[in-house]
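Protein chains in written order, with our numbering: chain X, 1 to 499; chain V, 1 to 323.
Rather than coming from a laboratory, the hints here were simulated on the basis of the structure. Any given hint could be a false lead.
Straight-line Cα separation of at most 30 Å, DSSO-like style, residue types lysine-lysine; simulated pairs [stated by the list, open to error]:
| hint | chain 1 | residue 1 | chain 2 | residue 2 |
| --- | --- | --- | --- | --- |
| 1 | V | K13 | X | K376 |
| 2 | X | K376 | X | K391 |
| 3 | X | K391 | V | K24 |
| 4 | V | K51 | X | K10 |
| 5 | X | K391 | X | K138 |
| 6 | X | K10 | X | K163 |
| 7 | X | K333 | V | K128 |
| 8 | X | K186 | X | K123 |
| 9 | X | K186 | X | K165 |
| 10 | X | K285 | X | K10 |
| 11 | X | K228 | X | K186 |
| 12 | X | K123 | X | K138 |
| 13 | V | K302 | V | K24 |
| 14 | V | K13 | X | K391 |
| 15 | V | K236 | V | K302 |
| 16 | X | K375 | V | K128 |
| 17 | X | K497 | X | K285 |
| 18 | X | K10 | X | K165 |
| 19 | V | K236 | X | K333 |
| 20 | X | K230 | X | K163 |
| 21 | X | K68 | X | K228 |
Here are some chain X residues pointing at chain V (derived, C-beta under 10 Å) [what the hints assert, rightly or not]:
| hint | residue |
| --- | --- |
| 22 | A309 |
| 23 | D344 |
| 24 | E352 |
| 25 | P361 |
Far from chain X, some chain V residues (derived; all Cβ distances over 10 Å) [claimed, not checked]:
| hint | residue |
| --- | --- |
| 26 | F23 |
| 27 | I35 |
| 28 | P50 |
| 29 | L107 |
| 30 | A118 |
| 31 | L129 |
| 32 | F132 |
| 33 | G144 |
| 34 | V145 |
| 35 | L178 |
| 36 | V180 |
| 37 | A181 |
| 38 | E294 |
| 39 | F309 |
| 40 | A311 |
C-beta: ideal position from N, C-alpha, C; glycine also.
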Amino acid sequence: MENRVLLVAKDIDKRFGITHAVNNVSLTINAGEIRALIGENGSGKSTFSQMLCGIYTIGGGTFTLDGKELHCRNQVEANNEGVAIIVQEMGTLSGLTVAENIFLGHEEPFMHMGIKDTRAMNKEAQRLLNEYGFGRIKAGDMIDHYNFEDRKLVEIVKGTYMKPKILVIDETTTALSQNGRLELYKIMDAIRADGRSVIFISHDLNEVLTHTDTISILRDGEYIDTVKTKDMTEDDLKRLMVGREIGSAYYRTDYGEPISDEVVLSVKDVSVPGQISHVTFDLHKGEILGFGGLSECGMHEVGKAIFAASWDRSGSVTLADGTQINDIPTAIKHSIAYASKDRDNESIILNESIRNNVILPSIDDLANHGILSGKKLTAFADKYAKDMQTKMQNVGQFVSDLSGGNKQKVVLARWIGKGSDILVLDSPTRGIDVKVKQAIYALMADLRKQGKSIIMISEEIPELLGMADRIIVMKDGEFSGEFLRDPKLSEEDLIAKMV
Amino acid sequence: MSNTVKNEQEPSKLRTFLSSDTFKGMLPFIGLVVILVVMNILTDGKILTPKRLRLLMSQVYYPMIVATGVFFVMTLGSIDFTEGSTLGLASIVVSKLSFISIPLAILGGVLTGACIGAINGFFHVKFKLQSFIITICTMYLFRGVCAYMTTETAVPASAAIKALDQNWLKISVTVAVLIVAWFLFRFTRIGNDIKAVGSGETAARFSGVRTDRVKFLVFVAAGALTGLAAFVNVVKVGSITATAGNQLETQILISLVLGGLPITGGAKVRFSNIIVGTLMYTVLNNGLVMLGYESQTQQLIKGVIFLLFVALTIDRKALKVIK
Numbered sequence: 001m002e003n004r005v006l007l008v009a010k011d012i013d014k015r016f017g018i019t020h021a022v023n024n025v026s027l028t029i030n031a032g033e034i035r036a037l038i039g040e041n042g043s044g045k046s047t048f049s050q051m052l053c054g055i056y057t058i059g060g061g062t063f064t065l066d067g068k069e070l071h072c073r074n075q076v077e078a079n080n081e082g083v084a085i086i087v088q089e090m091g092t093l094s095g096l097t098v099a100e101n102i103f104l105g106h107e108e109p110f111m112h113m114g115i116k117d118t119r120a121m122n123k124e125a126q127r128l129l130n131e132y133g134f135g136r137i138k139a140g141d142m143i144d145h146y147n148f149e150d151r152k153l154v155e156i157v158k159g160t161y162m163k164p165k166i167l168v169i170d171e172t173t174t175a176l177s178q179n180g181r182l183e184l185y186k187i188m189d190a191i192r193a194d195g196r197s198v199i200f201i202s203h204d205l206n207e208v209l210t211h212t213d214t215i216s217i218l219r220d221g222e223y224i225d226t227v228k229t230k231d232m233t234e235d236d237l238k239r240l241m242v243g244r245e246i247g248s249a250y251y252r253t254d255y256g257e258p259i260s261d262e263v264v265l266s267v268k269d270v271s272v273p274g275q276i277s278h279v280t281f282d283l284h285k286g287e288i289l290g291f292g293g294l295s296e297c298g299m300h301e302v303g304k305a306i307f308a309a310s311w312d313r314s315g316s317v318t319l320a321d322g323t324q325i326n327d328i329p330t331a332i333k334h335s336i337a338y339a340s341k342d343r344d345n346e347s348i349i350l351n352e353s354i355r356n357n358v359i360l361p362s363i364d365d366l367a368n369h370g371i372l373s374g375k376k377l378t379a380f381a382d383k384y385a386k387d388m389q390t391k392m393q394n395v396g397q398f399v400s401d402l403s404g405g406n407k408q409k410v411v412l413a414r415w416i417g418k419g420s421d422i423l424v425l426d427s428p429t430r431g432i433d434v435k436v437k438q439a440i441y442a443l444m445a446d447l448r449k450q451g452k453s454i455i456m457i458s459e460e461i462p463e464l465l466g467m468a469d470r471i472i473v474m475k476d477g478e479f480s481g482e483f484l485r486d487p488k489l490s491e492e493d494l495i496a497k498m499v
Numbered sequence: 001m002s003n004t005v006k007n008e009q010e011p012s013k014l015r016t017f018l019s020s021d022t023f024k025g026m027l028p029f030i031g032l033v034v035i036l037v038v039m040n041i042l043t044d045g046k047i048l049t050p051k052r053l054r055l056l057m058s059q060v061y062y063p064m065i066v067a068t069g070v071f072f073v074m075t076l077g078s079i080d081f082t083e084g085s086t087l088g089l090a091s092i093v094v095s096k097l098s099f100i101s102i103p104l105a106i107l108g109g110v111l112t113g114a115c116i117g118a119i120n121g122f123f124h125v126k127f128k129l130q131s132f133i134i135t136i137c138t139m140y141l142f143r144g145v146c147a148y149m150t151t152e153t154a155v156p157a158s159a160a161i162k163a164l165d166q167n168w169l170k171i172s173v174t175v176a177v178l179i180v181a182w183f184l185f186r187f188t189r190i191g192n193d194i195k196a197v198g199s200g201e202t203a204a205r206f207s208g209v210r211t212d213r214v215k216f217l218v219f220v221a222a223g224a225l226t227g228l229a230a231f232v233n234v235v236k237v238g239s240i241t242a243t244a245g246n247q248l249e250t251q252i253l254i255s256l257v258l259g260g261l262p263i264t265g266g267a268k269v270r271f272s273n274i275i276v277g278t279l280m281y282t283v284l285n286n287g288l289v290m291l292g293y294e295s296q297t298q299q300l301i302k303g304v305i306f307l308l309f310v311a312l313t314i315d316r317k318a319l320k321v322i323k
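All chains should be modelled from the sequences, with the hints used to inform the complete structure.
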């Protein structure tokens with residue numbers, strides 16, 4: 001690492017209404033440094049970096065890059081100043097080609113008297129893609145042909161090809177499979193070697209510890225400290241983020257408990273074209289059944305298929321009492337809950353209050369001869385949202401105002417409120433901080449003790465090893481391995497079946 | 001030093017209030033009062049005379065019934081442009097059947113409307129077409145049918161139905177529609193489901209809402225209500241010409257938006273939008289007529305007011321197209 005200062009952030013501040021999202025944060029980043037930015041959900045990491053990149057206006061304070069003060073009004077201006085970002089959610093635009101996405105806002109080199117030279121643009125984009133090792137992505141294709149992960153890879157190219165002085169990677173790795181992550185780490189290392197810098201935002205403390213030089217911690221919008229990565233352990237970081245000691249009981253600690261013989265759900269020969277083929281398994285009472293694999297292995301579709309939310313499903317999903325699950329209302333009525341990986345679109349209604357989100361599946365149970373009482377609904381929502389310790393002003397608050405962790409609490413509150421016996425949780429801790437993660441694991445263990453059955457679909461291997469009674473690994477839409485809970489089971493055992 | 005910086009960034013109370021949902025919710029009521037006051041001043045107090053008010057009210061009933069149906073469609077985040085042609089066609093059916101029996105005429109009108117609603121709903125749900133596109137197509141289709149049936153002469157209604165032109169009847173029908181709709185909207189699952197679809201269709205489907213069924217039913221109900229409004233219309237006008245219900249769809253759309261209904265639908269709709277909006281539109285319309293503006297000028301003024309209201313009240317967070 002050189003000792004040249006690249007970026008100085010001074011007294012950066014931002015409010016959203018009454019929320020003080022970023023509170024007078026000052027920090028300095030050197031050239032050739034990979035700086036992690038960590039903190040719980042709502043600690044202000046994303047807001048801070050999005051002000052740097054012109055996505056949000058700067059509420060107060062200044063960013064100085066290479067001695068020059070930044071006043072970016074949008075991402076394109078930020079790019080021109082040498083700042084680029086890869087965002088947490090989808091950052092590519094549908095309806096454009098891969099090449100058009102890569103050069104969005106930087107089309108000038110391909111313009112001849114106002115006319116775009118598509119061939120030259122595609123050629124240049126393809127050259128870049130090949131150079132990054134993503135040659136299988138074709139520059140001339142519509143971006144919509146590609147899945148979430150590939151679109152992230154395109155975004156990485158878009159964010160880095162112009163060699164920004166500083167690259168912000170905001171919670172991107174959760175969308176990537178192991179291979180994608182390795183590609184990203186390589187790119188980060190290359191930027192460092194080139195004397196440029198990276199701001200790396202992640203909840204995965206493990207990757208923070210292995211791939212960064214220094215770590216800055218934010219808590220509730222305030223700057224806490226910057227530390228050298230090599231001096232830190234995962235527990236140190238958790239303590240700094242939360243401000244207190246996190247107990248060691250993070251995952252379940254019990255081993256050797258037998259799985260009940262009682263089958264609560266039978267999945268037989270379920271196929272979804274292009275996604276999964278001939279999936280067959282039983283779920284037992286009081287069992288946490290984990291599903292693991294690379295993000296495109298079909299495991300996410302298994303969750304949808306059980307909940308009858310797949311578009312074109314064949315095969316059967318049958319409950320212990322013989323009920324066939326063929327549509328969502330039947331699934332919900334017969335005590336199946338589903339929390340999607342795509343939380344914002346499929347699990348909750350963003351533009352609605354917490355109250356109306358919590359009551360939605362339970363509405364028939366709450367009605368008295370078909371008539372709803374506002375008071376009763378509010379009391380119901382209030383009870384379960386509070387049981388989940390959702391951070392909110394009241395249940396009338398809109399879900400769109402909540403952080404990722406709190407949104408997930410609302411999702412769980414509605415199913416706990418519904419009293420579902422079979423919970424299908426797809427990526428239950430995706431993009432969620434340590435404290436909420438711990439709460440969710442505790443809840444899952446508790447539900448399991450109550451005799452409820454859980455299907456946990458996860459891209460995080462430690463979470464599968466730590467929580468599941470049984471783990472099914474999938475590859476290319478089919479089962480490739482099955483493991484029982486065992487302290488000797490290692491990540492490598494699972495990965496071997498995934499790839 | 002840092003304290004003063006913080007204070008400067010504290011948004012002023014007035015600004016916080018002006019951007020709050022409470023204020024946005026009050027805006028239509030304020031608008032109604034403002035329009036009433038302005039019109040009253042411009043017409044030298046003539047608009048608030050008992051005679052004028054009676055006339056004004058007589059123009060409120062059937063648009064309010066129609067607006068109630070469209071309110072549900074717009075809560076879904078959809079739109080319906082067929083009210084005008086539905087009203088025209090249903091009015092013809094009501095008039096013709098009124099010679100046989102009045103209850104049959106009412107039933108005929110409601111069924112005609114419901115059928116048109118069912119056609120809209122069917123294409124919207126089964127073919128996943130945007131309601132915007134379908135209802136524009138069906139609007140032209142049924143407007144054509146309407147014109148065809150009235151080319152020779154206007155369609156007269158029976159004397160019996162014209163004898164029903166009494167305020168108590170029209171008021172009771174309108175109030176009954178509003179009460180039933182309000183009850184469904186506030187106290188039943190269907191009302192809740194409609195809002196849920198408007199706020200987030202995919203998430204609603206994943207929460208157990210039968211989204212397709214809800215959407216279909218709403219279109220049928222909107223059509224049926226327009227059919228019922230056709231009965232009130234026939235009672236009032238007595239004979240149906242090719243222009244019956246002309247421009248009704250835009251009138252309703254403007255009314256609801258003036259009433260504060262977000263055109264994106266969803267969680268922020270209020271039932272009061274129907275009443276406030278219809279009243280506001282009627283006052284505005286009457287005022288402009290009383291002021292002696294030509295119809296072109298009236299349209300121009302209405303257009304400007306509509307534009308201003310949409311710009312002021314649209315929820316930019318709910319960025320999406322009309323379904």
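Next item on the list: Output the numbers, in ascending order, of every earlier hint that fails for this structure.
Entry: Of the numbered hints given earlier, those the structure breaks are 1, 4, 5, 10, 16 and 19, listed in rising order.
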